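J.: Kindly generate the complete structure, drawing on both the sequences and the hints.
These protein sequences, in sequence, are chains Y and W.
Letter by letter, the first sequence follows residues 1 to 251 of the UniProt record's numbering.
Letter by letter, the second sequence follows residues 1 to 94 of the UniProt record's numbering.
Accuracy of the hints is not assured; some may be wrong.
Derived Cβ-Cβ restraints for the label pairs, each shown as a range [stated by the list, open to error]:
1. Y:R164 <-> W:V31: 26 to 36 angstroms
2. W:V31 <-> Y:E243: 23 to 33 angstroms
3. W:T18 <-> Y:T109: 27 to 37 angstroms
On the chain W side, residues computed to face chain Y include the following (Cβ under 8 angstroms) [claimed, not checked]:
4. M1
5. P50
6. S55
7. G58
8. L67
9. R73
Chain Y is nowhere near these chain W residues, computed Cβ spacing over 10 angstroms in every case [stated by the list, open to error]:
10. A14
11. A19
12. R24
13. A34
Calculated directly from the structure, the hints in this document are not laboratory data.
This one's a predicted model, so the numbers in the text were calculated from it and none came from an experiment.
We put the beta carbon where it would ideally sit given N, CA and C, even for glycine.
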Amino acid sequence: MSRTTRLRLFLTAAAVLAAAVLAAALIVAAEQLPGFGGARHPYGERAVAAGLARQSANIVSAVNFDQRGFDTLGEESILFGSVLGAGMLLRLARDEHKRRPAAEPVLPTTRLFGATLLPLTLLTGGYLVAHGQLSPGGGFQGGVVLTTALHLAYVAADYRVLKRIRPLAVLDVTDAIAAGSYAALGLIGLAQGAGYLANTLPLGTFNALSSSGLVAVINAAVGVEVGSAVVVLLAHFLDQAVEVTPRRRNR
Amino acid sequence: MTDTLIVIALLLTATAATAAALTRDPVRQAVVLALLGLSLAVLFTVLQAPDVALSQLGVGSAITPLLILLTVRKVNRRETQPQEGDDDRPDRAE
Chain Y
1 MSRTTRLRLF LTAAAVLAAA VLAAALIVAA EQLPGFGGAR HPYGERAVAA
51 GLARQSANIV SAVNFDQRGF DTLGEESILF GSVLGAGMLL RLARDEHKRR
101 PAAEPVLPTT RLFGATLLPL TLLTGGYLVA HGQLSPGGGF QGGVVLTTAL
151 HLAYVAADYR VLKRIRPLAV LDVTDAIAAG SYAALGLIGL AQGAGYLANT
201 LPLGTFNALS SSGLVAVINA AVGVEVGSAV VVLLAHFLDQ AVEVTPRRRN
251 R
Chain W
1 MTDTLIVIAL LLTATAATAA ALTRDPVRQA VVLALLGLSL AVLFTVLQAP
51 DVALSQLGVG SAITPLLILL TVRKVNRRET QPQEGDDDRP DRAE
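T.: Right under this line is the structure:
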């Protein structure tokens with residue numbers, strides 16, 4: 001038996017053993033879980049009770065921005081960091097230049113589709129962000145829908161129109177400010193002696209727009225952050241696909 | 001009734017996911033991925049998780065396929081560029 005064959009055999013055996021141990025651990029861990037679709041939801045019942053105590057109508061938002069606010073702060077930072085990284089990688093290199101995007105022909109039906117859906121989608125996105133603490137949706141979902149709405153301009157017209165309605169320099173700064181404001185909002189609880197990201201704001205009336213205290217505020221900040229982050233991310237990709245071409249001097 | 005819907009949504013998701021894995025052309029794969037995102041959104045809705053379904057719909061069936069399509073377009077253009085006369089800058093001294 002050669003050395004590489006032996007090594008391969010050893011690695012296969014190790015992988016099979018590791019998979020078996022992992023499978024056994026997962027089975028043991030999942031044994032105590034309530035069954036699929038059953039009537040007993042130990043975690044759900046506690047989350048609903050805690051959410052209702054803070055006047056939050058949308059329990060998912062209450063979990064995301066109040067009970068597990070610190071986890072969501074981490075997720076927001078991941079999004080912010082990945083957009084930052086993509087922006088760094090896709091920046092204009094020294095051997096590239098931008099060409100002006102050309103006007104592109106669009107079918108009249110496509111133009112009508114875009115012109116009709118753009119305001120509707122904007123409205124839907126705004127609604128999802130604004131009602132995140134009350135109904136399904138929230139900052140993340142609404143932010144993505146707002147971005148999609150903006151990019152319908154690219155589908156219905158061309159890149160020049162999208163560039164005109166997309167204030168990229170403003171959104172760059174907005175993204176950073178909104179991401180930072182989430183971390184800063186946590187300090188309110190700290191200042192009042194309750195702990196970082198604790199929900200100490202006035203809770204308001206149940207099922208009103210201003211209810212649920214910190215949840216509504218963080219939800220709005222996340223909406224702004226996600227909306228501008230995804231626009232900035234797509235802008236870098238679109239620039240690369242539409243505008244940036246390599247210089248051919250040294251070929 | 002709900003169980004039937006869950007089974008249908010699960011089968012739809014499994015079919016779309018298998019199709020996405022078996023598609024070789026990235027452009028077609030982006031379209032199949034959008035369909036997979038849609039069927040996952042249906043599955044989440046049937047399982048009473050509308051929040052997750054909305055995220056899935058936005059990211060999985062709109063943003064991700066768009067990013068893939070844009071990347072493919074960039075890569076293809078770089079490959080075909082020598083034959084293409086789309087560069088109007090005067091600074092090319094070949």
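J.: When the hints from earlier in the document are held up against this structure, which numbers fail?
T.: Hint check: 4 fails alone, others pass.
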